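Residues per chain are reported as follows:
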Amino acid sequence: ETGVTQSPTHLIKTRGQQVTLRCSSQSGHNTVSWYQQALGQGPQFIFQYYREEENGRGNFPPRFSGLQFPNYSSELNVNALELDDSALYLCASSWALSYEQYFGPGTRLTVT
Amino acid sequence: ELKVEQNPLFLSMQEGKNYTIYCNYSTTSDRLYWYRQDPGKSLESLFVLLSNGAVKQEGRLMASLDTKARLSTLHITAAVHDLSATYFCAVDTLPSTASKLTFGTGTRLQVTL
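Protein sequence lines correspond, in order, to chains A and B. As numbered in the numbering used here, residues 1 to 112 make up the first sequence, in order. As numbered in the numbering used here, residues 1 to 113 make up the second sequence, in order.
One or more of the hints may lead you astray.
[As the list claims (entries may be wrong)] Here are the simulated DMTMM-like cross-link-like pairs (lysine to aspartate or glutamate), alpha carbons at most 20 Å apart as the crow flies:
1) 41(B) - 54(A)
2) 17(B) - 44(B)
3) 41(B) - 82(B)
4) 3(B) - 66(B)
5) 13(A) - 100(A)
6) 56(B) - 100(A)
7) 56(B) - 44(B)
8) 56(B) - 92(B)
9) 41(B) - 53(A)
Note that these hints are calculated values from the structure, not bench results. Please read all numbers here as calculations on a predicted model, not as lab measurements.
Could you put together the complete structure from these sequences and hints?
Here is the structure:
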């Protein structure tokens, strides 16, 4: 059974640029959630996708957007990057009928 | 707005000692999670507590949930150095087909020899 994977591992972008982060969910999982974890903070919920539809969103501006594909993998897109977007981005996959969420290794984004 | 508070924020303890981390939350929830995070790493699930009075134990860690008091505890028994990490509690506030976890600020645990 393959766990949750994310790519890339690290990324450096310049303010104003756009970035796409990718997540492959654990085998059999149809729900993917994205979280942002700033240094020294707890993760904050960005949004969740279930069967290719957004299924809940946190307090993040519209420049944070996402997609889920038929194979349940997902992308997080961030436009017009700001310095405060520098963080560890975590995705978590789960099976809709289960309460367990399994987190991927994360993507460390640095905005300069 | 849901608030999840942990205390202490930092805990330095000697090997062999016992201690408890507290997690208070501000709204009704029946699902409480505990995670461990090592520096620079992702989150490792420790416990999922699903009902009032739930108690789960794994090794030297034991978690409990009191939904009426909106309080969960993570008790560490006879700490060892390998338990050094940051521990987060998280509360789930959406129906079962969607999980939106609201995390606490974390408790950084340092176990010294």
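Each hint, compared with the structure:
Between the alpha carbons of residue 41(B) and residue 54(A) the distance comes to roughly 27 Å, so the proposed pair goes past 20 Å and is violated. Under the criterion of a C-alpha separation no larger than 20 Å, the hint pairing residue 17(B) with residue 44(B) is inconsistent with the structure, at around 23 Å. About 15 Å separates the Cα atoms of residue 41(B) and residue 82(B), which keeps this hinted pair within 20 Å; it holds. Among the hinted pairs, residue 3(B) with residue 66(B) is consistent with the structure: their alpha-carbon atoms are about 16 Å apart, no more than 20 Å.
The hinted pair formed by residue 13(A) and residue 100(A) fails the criterion: a straight-line CA distance of about 33 Å is larger than 20 Å. In summary, the hint linking residue 56(B) to residue 100(A) is supported, as the alpha carbons are separated by about 15 Å, within the 20 Å threshold. Straight-line distance between C-alpha atoms of residue 56(B) and residue 44(B) comes to about 16 Å, which keeps the hinted pair within the 20 Å bound. Our distance criterion of 20 Å between C-alpha atoms is met by residue 56(B) and residue 92(B), whose separation comes to about 18 Å.
For the proposed pair residue 41(B) and residue 53(A), the alpha carbon gap of about 29 Å is over 20 Å, so the pair is violated.
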